[in-house]
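Q: We have chain A already, so just place chain B on it with the hints.
Protein chains: 2
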Amino acid sequence: MSEVANPEQSLSLSAALAEWRGLLGEAQVLTAESDLARYARTCSSSSRAPVAVLKPGSRDDVVMIVRIARRYKTPLYPISTGQNWGYGDACPVLDGQVIVDLGRMNRIQKVDRELGYAVIEPGVTQRQLSEYLAEQNIPFWCDCTGAGPNSSFIGNIVERGFGHTPYGNRVQTVSGMEVVLGTGEVLETGFGHYPGAKTTHIYPYGVGPFMDGLFTQSNFGIVTRIGLWLLPIPESFCPFLVMFAEDEDLFGAIPELRRLRMQRVLHSVPHIGNDLRALASAGPFPRNQLPNTARLPLELRQQMRQEAGIGAWTMSGAFYGPRAQVRLHRRLLKQALRGVRAKVIFLPSSVLELGAWVARLCDRLGILPGLGQKIRAAKALAGMHSGRPTGFFLRGAYWRKRGGWPADLNEDTDLARDALGLMWMAPILPCRAEDLRQVNAAMDALFAAQGFDCHVTVNMINERALAAVYTIEYDAEDAKETAWALECYERGVEELYSRGYPIYRASTRGMSLLAPTVDDPFWATVRGLKAVLDPEGIIAPGRYQSRSFAYDR
Amino acid sequence: MSEVANPEQSLSLSAALAEWRGLLGEAQVLTAESDLARYARTCSSSSRAPVAVLKPGSRDDVVMIVRIARRYKTPLYPISTGQNWGYGDACPVLDGQVIVDLGRMNRIQKVDRELGYAVIEPGVTQRQLSEYLAEQNIPFWCDCTGAGPNSSFIGNIVERGFGHTPYGNRVQTVSGMEVVLGTGEVLETGFGHYPGAKTTHIYPYGVGPFMDGLFTQSNFGIVTRIGLWLLPIPESFCPFLVMFAEDEDLFGAIPELRRLRMQRVLHSVPHIGNDLRALASAGPFPRNQLPNTARLPLELRQQMRQEAGIGAWTMSGAFYGPRAQVRLHRRLLKQALRGVRAKVIFLPSSVLELGAWVARLCDRLGILPGLGQKIRAAKALAGMHSGRPTGFFLRGAYWRKRGGWPADLNEDTDLARDALGLMWMAPILPCRAEDLRQVNAAMDALFAAQGFDCHVTVNMINERALAAVYTIEYDAEDAKETAWALECYERGVEELYSRGYPIYRASTRGMSLLAPTVDDPFWATVRGLKAVLDPEGIIAPGRYQSRSFAYDR
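Heads up: the protein sequence lines correspond to chains A and B, in order. With this note's numbering, letter number 189 in the first sequence gets 189, and the count goes up by one each step, no holes. With this note's numbering, letter number 97 in the second sequence gets 650, and the count goes up by one each step, no holes.
Quick caveat, the hints were computed from the structure, so don't treat them as lab data. Be careful, since some hints might not be right.
Claimed, not checked - Computed beta-carbon distance windows for the label pairs:
#1 B:ILE661 <-> A:GLU494: 29 to 39 Å
#2 B:PRO808 <-> A:GLY404: 33 to 43 Å
#3 A:ARG113 <-> B:PRO1074: 26 to 36 Å
#4 B:GLU964 <-> A:GLU135: 53 to 63 Å
#5 A:GLY22 <-> B:PRO1074: 18 to 28 Å
#6 B:ARG913 <-> A:ARG113: 45 to 55 Å
As the list claims (entries may be wrong) - Computed from the model, here is a short list of chain B residues facing chain A with C-beta under 10 Å:
#7 GLY745
#8 GLY749
#9 LEU767
#10 THR769
#11 PHE804
#12 ALA877
#13 TRP910
#14 ALA1059
Claimed, not checked - Over 10 Å on every C-beta distance to chain B, these chain A residues come out as not near it, computed from the model:
#15 ARG21
#16 THR31
#17 ARG59
#18 ARG160
#19 ASN288
#20 ALA380
#21 ALA467
#22 ARG509
#23 GLU536
Being a predicted model, the structure only gives us computed values, none of them experimental. The beta carbon of each residue, even a glycine, is placed where N, CA and C say it ideally should be.
Just chain A, with the same shape it has in the complex:
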C-alpha cells in the first residue's frame, strides 16, 4: 500500500527527499518502515501508509517543502497532530503521499490578554494552550473538544470540529489565517495582508472576498497560523447534567431545548449522548457474557442502564455569566423540562470538590466503584466546559477492544496506537424531535442489521441545528466484524444522504461518497478553485474532493 506506483515517480520522490533532507536535516525526514507504520495506524481500518514524513519547524520550511513538492509533483498530506479520531486519524486519503507533520510548529506566538485572543501554530494542543493561559494568569479559557489534551486546535478547526463552551462553534472564533497555498505562496486572510494592520485577529472578514472558509474541509493549502478567540472567564460557571428517562422524554424536551438555545439561555454547545455512550465510558462491552455478538440485547442494555443509574439519554452543558444570570438560567432550564421525565443535576465547583473528595475516599475504601467513576466523569466534564481538556471521554472508544481498557489508560490516550475500531457518521439534523426520532430509528435499524450497537451523540451546534454523531464501535482485530463495520459505514452515509441529512464532515473513507452526481456544480467549482490555488494538485489529493475526482484522473 505504501509504495509509489511507478519507477518515474519513485525517482522524483528520491530527488525530492534529497532536497527536503537538505532543507530540514536528516532527523526531520522520516522514511523508516517503523516510522511510516506509526503514521499509518488508524481506527477506521482504512490505513494508508505515507511514503515519507516531513517535520517542518517553521512557516518558511513549509513554503520550501511545497515548492520542492511542486517541482517534483509529489503529493503532500499535512497533519497537525494527526488525532482526527473517528474520521481517519493521521492517514492520507490516497496512497503514495508524503505526510507533512506540523507538530513541531507549536508556538503560541502571541496572547492578547486584553482583547482575548491567541495566535497559534498547528502543533499547539489543547493542553498546551490551556496550561499556558493558567500559568500566565490570563483571564480567558480556551474552548475544548472531547478529543483529548494532545489534539490540535488548527487540526480540529480546519475540519470544522466543534467544542462545548459558548465558543464551541469554533470556525466563528478564528480571525486571521496564514496559509501556504499549493502554489507555494503565503496568503494572509482578513486584514493580515495589510502591513501593520492592528485588526487582523479581532475581525475575521477584512475587506474584499472573505476566504477563510476555503481552507476548511479542503485541500487548497496548508494553514500555518490562526488567530483564535478565547472565552472570557465568567463571574460564575455551572456545569449541569440532565438525564432523560426514555427516548420520548428527550424528544418531548427538544422544542423546549431549542427555545432555550434560541433565547441564548443555553448559549454553549450542549452534548446529549445515549445510554450506550455513557456505558462505554464506564467499561467495555460484556464480551464474556456475549462472545458471539457486537450488539447488546435490549434487556441487558436496559439492565446495564439501570445498574449504572442513568437514563436513555444524558445531556451535559454549562451556564456561564454573571452570578445572578447563572442562577436564572438554572431555574429556566428546570422549568423548561417540567413536562418530561428528566433529572437535572447542577455541578457547581463546591459540589465537584466535595465529590472528588468522596471519590478518593471510595477508591481508598474500595466501595461504591460506580460513584467514583461518575464523579470523575462529572469532573472531566466540568473541566472540558471550562477550558481544561480531558482524555476521559475517549475511553468509550475501547467498547469493542479485546481485553478492554489498557493498563496504562490515561489522559494521553492514543486511540490509533491501540488498534481500536471506531468510525463516526456525523449528519446535521434540524433541531426538531421528528427528525431526530426518524434518523435515530433508521440508523439503529441499520446498525442492528449489521450487528452493532448504535452509539449516538447529539450536539446543539447552533440555534437551529443538531450535529449528530452515530458511532460504529467494532473489533478491528476481527476481520469479519471489520467488514461489517465498513459496510455499516457506507450504507449509513448513503442512507443519511438519501434521507436529506448529509454529513457535516467526512472520514478518509467518506470522501468518495460526497458527490451525488458527477456534474454537481458545487464539486465542479471545488475543482476549479483547486486548479488555481494548487495547480499541480500536490496538497492532499482526494481530501474533500468528490467521487468525480476519481473520474477526472
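A: Then chain B, alone, in the frame of chain A:
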C-alpha cells in the same frame, strides 16, 4: 461618461440588448437617457451611468442574462435595490456596464416559523420582510440596519453590512446561498446542492470548502437567494440610550463596555454616535449663521449640544431575553458606567407609548419641538432594534443640503434622488479606548483641515472590535466643497491604512485604494479566483478588485 468605448463594443452591446429584449421583454430592458440618469444618481460624486438596465424576474432570467453577457463580453453590474448609501448607491465602479436590477426578484420564498428562517430573493426589502412576519404572526423579528425600509437584505449582506440586534453581525445569519456564477452556472452553497437536503438553511457550512464568504465583497457571481436567520421575539425587550458627557467619559467607559460585550450582557450591536450625528438628525447645518464654512466652530457646536440636551456621545442598544435577565442586564449596564459621567435612559414599551402620546400632544399644541423630536427618535430606535426598519436615521444625510430637509421627507427617503453629498469611511478598530481616541483625533484633524465636521459612529460589531464610520457630509451642489470632500475621503482612507486600521468596506471610489502593493498575494489570489469563477470578467469589473486590477488590463 456613459458611453461605450469603441464601435466594436457598441455593436456587441446592441446585439446583446436585442437578445436581452427577446428574453425579458422590452419593458424590462431600459436604455432611455432618463432611466440611465436615474440609476447614475449618487451621494458620492462618483457617478457612473450604466449603458443599460436589465430587470430580470427570476433566477433563470439571471442565468440567461449572464450567458448572453458572456458571449458578447458585456460587463454586468448587479444591484439589489441600489441603496448602498455612503458607499456608492447603485453606481457601477467603472463606465460602460449594464446594470442588472434584481428588484423585481422580491419573493419571500419560504419562512420556517419553527426553526426561524426566511428564504429570500435580492429584491426583498427590510419593510417587506418585517411586515410579512407581523402579518403572518410569525414569532420572529428581522434584524434591521439604519439604511431605511427600502433597502435589501441581500444587497446589504453581500457588502457585509451589519444591523443592531443580536443578529446584527449579519453574515453569521446566512445559511445556504444560491449564486449565478460568472460562468452562468448556478452554485448552491452549504448543503443546498444535495438534492432533498433538509439542512440547507440551518447550518451554513455544508461539507467540503465553505464558500459563502467568496460572494461577499467580491465580483464572482450574482447572489439570487439566501436563507436568513430570524431573531426569536424575546419575552422581554428594552431599548436604552446612554449619553456620555464628554469624549473622556466614552473612552473611560470602553473597557467596561467591552467587558459587558464579551460577557454577552451586551449581546446586540450597540451604536455610539457623536454629538454631530445627533444634531444632524434634528436639523441641517446652520447655513444662515455660517454661510462660508462647512464646519461648526467649537463654541457653537458646544452650544447646540447643550440646547439639544445631548452629550458628546450617545450610545443606543437594547436588551433582549427573559424578563429577569433584562432586569439584570439593565442593572449591570448602570453599574458598569458608574465611573464615568453617563446618563442611562431605558425605553421599555410603556415609556415609549406614553412618550408617543406626549409627542403628539406637543405637536398639536406647538410646544416643546425638541421633545417631540427626541421621542420620535427614541421610537425609531426601538423599532429598529425590534425588527421594524426606519428611515429616521437617514435624515442626518441632509446636514449640508441647501434648503435643508425636503418637504416630503418621510420613511422612504431616497438619498441619491436628493443629490446629497455623503461619503463613509469605515475602519475596524480594536475595542480599546486608546485606538479610538487616536483615530478620532487623527480623523478630526484631517476633516478640520479640509473644512468639514467629522461625524462619527462607532458600532460594537463583535466582542473585540469596533466598526467606526467617519462620515463626510458635503454640499454636492458646490463644486469646491465637493472637491474638498473627495480629497478628504482619499486622504482619510490612506491615513487609516497607514495607521493600521484598514476599512472594512469600500465605496466605489475606495476600490482603487484597496491594495498597498501591486504584488499583494491576497489580491493576486482574488484575481486567480476571478479567472475561474468569472473567466470573461463580466461581473462588476473593478468591484473589490485592487489597484493592480488597473495595471492588469
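Q: Are the hints correct? Go through all of them and say.
A: Outcome of the hint check:
In this structure, ILE661 of chain B and GLU494 of chain A meet the distance hint of 29 to 39 Å, their C-beta atoms being roughly 34 Å apart. As the Cβ distance of PRO808 of chain B to GLY404 of chain A is approximately 53 Å, the hint placing it in 33 to 43 Å is violated. Judged by the Cβ atoms, the range 26 to 36 Å given for ARG113 of chain A and PRO1074 of chain B holds: they are separated by roughly 31 Å. Restraint check, GLU964 of chain B to GLU135 of chain A: a C-beta distance of roughly 57 Å satisfies the suggested window 53 to 63 Å.
For GLY22 of chain A and PRO1074 of chain B, the Cβ-Cβ distance of about 26 Å falls inside the hinted range of 18 to 28 Å, so the restraint holds. The supplied range of 45 to 55 Å is met by ARG913 of chain B and ARG113 of chain A, whose beta-carbon atoms lie about 52 Å from each other. The beta carbon of GLY745 of chain B comes within 8 Å of a beta carbon in chain A, closer than 10 Å, and the hint placing it at the interface holds. Annotation: GLY749 of chain B was flagged as interfacial toward chain A, and the flag holds, the nearest CB pair being 4 Å apart, inside 10 Å.
Checking LEU767 of chain B against chain A by beta carbon gives a least distance of about 5 Å; that is within 10 Å, so the hint holds. Hint on THR769 of chain B holds. Least Cβ distance to chain A is approximately 6 Å, under the 10 Å limit. At its closest, the beta carbon of PHE804 of chain B sits 15 Å from a beta carbon of chain A; the interface hint therefore is violated under the 10 Å criterion. Proximity of ALA877 of chain B to chain A holds as hinted, the smallest CB-CB distance being about 5 Å (cut-off 10 Å).
Hint status for TRP910 of chain B: violated, given a least beta-carbon distance of 31 Å to chain A, over 10 Å. For ALA1059 of chain B, the interface hint holds, the least distance from its beta-carbon to any beta-carbon of chain A being 6 Å, beneath 10 Å. A cut-off of 10 Å between C-beta atoms confirms that ARG21 of chain A is not in contact with chain B; the least separation is 28 Å. Every C-beta of chain B lies more than 10 Å from that of THR31 of chain A, the closest at about 32 Å, which supports listing it as non-interface.
For ARG59 of chain A, the non-interface assignment is confirmed: its Cβ lies about 13 Å from the closest Cβ of chain B, beyond the 10 Å cut-off. With a cut of 10 Å on Cβ distances, ARG160 of chain A falls inside the contact zone with chain B, its closest approach being about 6 Å. The non-interface label for ASN288 of chain A is consistent with chain B: the shortest C-beta to C-beta separation is roughly 40 Å, beyond 10 Å. Taking the minimum C-beta to C-beta distance to chain B, about 26 Å, the non-interface status of ALA380 of chain A holds against the 10 Å cut.
At the 10 Å boundary, the C-beta of ALA467 of chain A falls inside the reach of chain B, the nearest C-beta of that chain being 8 Å off. Non-interface status of ARG509 of chain A relative to chain B is upheld: no Cβ of that chain comes within 10 Å, the nearest being about 14 Å off. The Cβ of GLU536 of chain A sits about 14 Å from the closest Cβ of chain B, beyond the 10 Å cut-off, so the non-interface label holds.
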